[in-house]
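In order, the protein sequences belong to chains A and B. End of the first sequence = 249 in the working numbering, gap-free, step of one. End of the second sequence = 1058 in the working numbering, gap-free, step of one.
By construction, these hints were calculated from the structure, which means they are not laboratory data. Careful: at least some of the hints might be erroneous.
To be verified - Okay, derived cross-link-like pairs now, SDA-like style, lysine to any residue, Cα gap no bigger than 25 Å in a straight line:
id : chain 1 : residue 1 : chain 2 : residue 2
1  : A       : K52       : B       : G1012
2  : B       : K1040     : A       : V33
3  : A       : K248      : B       : K1040
4  : A       : K248      : B       : L1033
5  : A       : K119      : B       : A1026
6  : B       : K1005     : A       : F44
7  : A       : K248      : B       : R1048
8  : A       : K119      : B       : R1039
9  : B       : K1040     : B       : A1025
10 : A       : K248      : B       : E1053
11 : B       : K1040     : A       : F45
12 : B       : K1005     : A       : A37
13 : A       : K26       : B       : G1012
14 : B       : K1040     : A       : I24
15 : B       : K1040     : A       : F44
16 : B       : K1005     : A       : G150
17 : A       : K119      : B       : G1012
18 : A       : K248      : B       : L1027
19 : A       : K248      : B       : R1039
20 : A       : K26       : B       : E1053
21 : A       : K119      : B       : R1048
22 : A       : K26       : B       : K1005
23 : B       : K1040     : A       : V46
24 : A       : K248      : B       : Q1056
25 : A       : K26       : B       : L1027
26 : B       : K1040     : A       : K119
27 : A       : K26       : B       : Q1056
28 : B       : K1040     : A       : K52
29 : A       : K119      : B       : H1009
30 : B       : K1005     : A       : R239
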Amino acid sequence: MSSRILNWFKFSSPASFYPLAGTIGKVSTLIAVGLLAVGLYMSFFVAPTDYKQGEGYRIIFIHVPAAWMSMFIYVVMAFWAAMGLVFRTRLSFMMARALAPTGALMTFIALWTGAFWGKPMWGTWWVWDARLTSELILFFLYVGYIALQGAIPDIRRGDRAGAILLLVGVVNIPIIYFSVKWWNTLHQGASVSIREGSSMSAIMLETMLIMTFAFWAYTIAVAMARVRLIILERERETRWVAELPEVKL
Amino acid sequence: MDAVKEFFHMGGYALYVWGSFGVTAALMVAEPLVLARQRKAMIRRLRRLIRLESEQSS
């Protein structure tokens, strides 16, 4: 038992996580490419035309996965921030940092595709309603976190300040998720819920889930690439970095 | 040929569907490319650091 615990903490050291992150990144890349190919094919050629929204509804296959990822990545970052503050593990803060740009990207995609879906269906690119506004706030939280990290040159202080921002901002996540229930909004309610199941046709739901897993794998792949960069940056003066095969002269 | 045309027409929603999928694809291709470039730059920088150090010590 004790050796097992030791093993887990072994990977909280940047030196031993660096190669592991490389392997996870490679596997995730393969999964992401495969799932994206299948998901895109299903989005356009398998999923039928919607009886109400025609072909325009196909935006759902990227809009919903991106919106889910935007919230999920934030929660994962907040988790790593809490781990970092409690256990003082350097790698936890690096994970939070590595996820931030991808989280911002997913939030941007959710907002962008939402606008391109809202225009033909609601007649407007944007409304200041609860769902859209709270998602926009999420985007600002990501951007604020990234800017804060960039503004504090001291790494440890930056990590801690960023972690606190992440933990405070987590309150926004349930607001986004439940906004369609709590307020009257133009945005439709959840199409998929744990308690009530799905209101979509099976094939549409399957396509959306495949795209979600594809975005998930994509996120893991880019986050692993970025955490490797952050590790190299922070450990640049250590012996193990100098002896890496890709660095060695 | 008509089938292709019809596909890109998206039942009149071409701007919205392709505007969504296009931008998403561009971003999700750009991010890994940027990361790959950053990694190359980082490795170059590390090598410079090592060379500098070995020159100082000798």
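The hints, checked one at a time:
1. K52(A) to G1012(B): holds, 14 Å
2. K1040(B) to V33(A): holds, 22 Å
3. K248(A) to K1040(B): holds, 14 Å
4. K248(A) to L1033(B): At roughly 23 Å apart (the allowed maximum being 25 Å), L1033(B) and K248(A) satisfy the hint.
5. K119(A) to A1026(B): Given pair K119(A), A1026(B) holds - Cα atoms ~21 Å apart, limit 25 Å.
6. K1005(B) to F44(A): holds, 14 Å
7. K248(A) to R1048(B): holds, 11 Å
8. K119(A) to R1039(B): violated, 39 Å
9. K1040(B) to A1025(B): Satisfied, since the Cα-Cα distance of roughly 23 Å is no more than 25 Å.
10. K248(A) to E1053(B): holds, 13 Å
11. K1040(B) to F45(A): The hint is violated at about 39 Å.
12. K1005(B) to A37(A): holds, 22 Å
13. K26(A) to G1012(B): violated, 39 Å
14. K1040(B) to I24(A): holds, 20 Å
15. K1040(B) to F44(A): Outside the cut-off at roughly 36 Å; violated.
16. K1005(B) to G150(A): Distance ~47 Å between K1005(B) and G150(A) Cα, so the pair is violated.
17. K119(A) to G1012(B): Given pair K119(A), G1012(B) holds - Cα atoms ~13 Å apart, limit 25 Å.
18. K248(A) to L1027(B): violated, 33 Å
19. K248(A) to R1039(B): holds, 15 Å
20. K26(A) to E1053(B): Since the Cα atoms of K26(A) and E1053(B) sit roughly 32 Å apart, the hinted pair is violated (cutoff 25 Å).
21. K119(A) to R1048(B): violated, 52 Å
22. K26(A) to K1005(B): violated, 37 Å
23. K1040(B) to V46(A): Status violated; Cα separation ~40 Å.
24. K248(A) to Q1056(B): Holds, at about 17 Å.
25. K26(A) to L1027(B): Status holds; Cα separation ~20 Å.
26. K1040(B) to K119(A): Violated, at about 41 Å.
27. K26(A) to Q1056(B): violated, 37 Å
28. K1040(B) to K52(A): Distance of about 49 Å is beyond 25 Å: violated.
29. K119(A) to H1009(B): holds, 17 Å
30. K1005(B) to R239(A): violated, 59 Å
Of the numbered hints listed earlier, those contradicted by the structure are 8, 11, 13, 15, 16, 18, 20, 21, 22, 23, 26, 27, 28 and 30.
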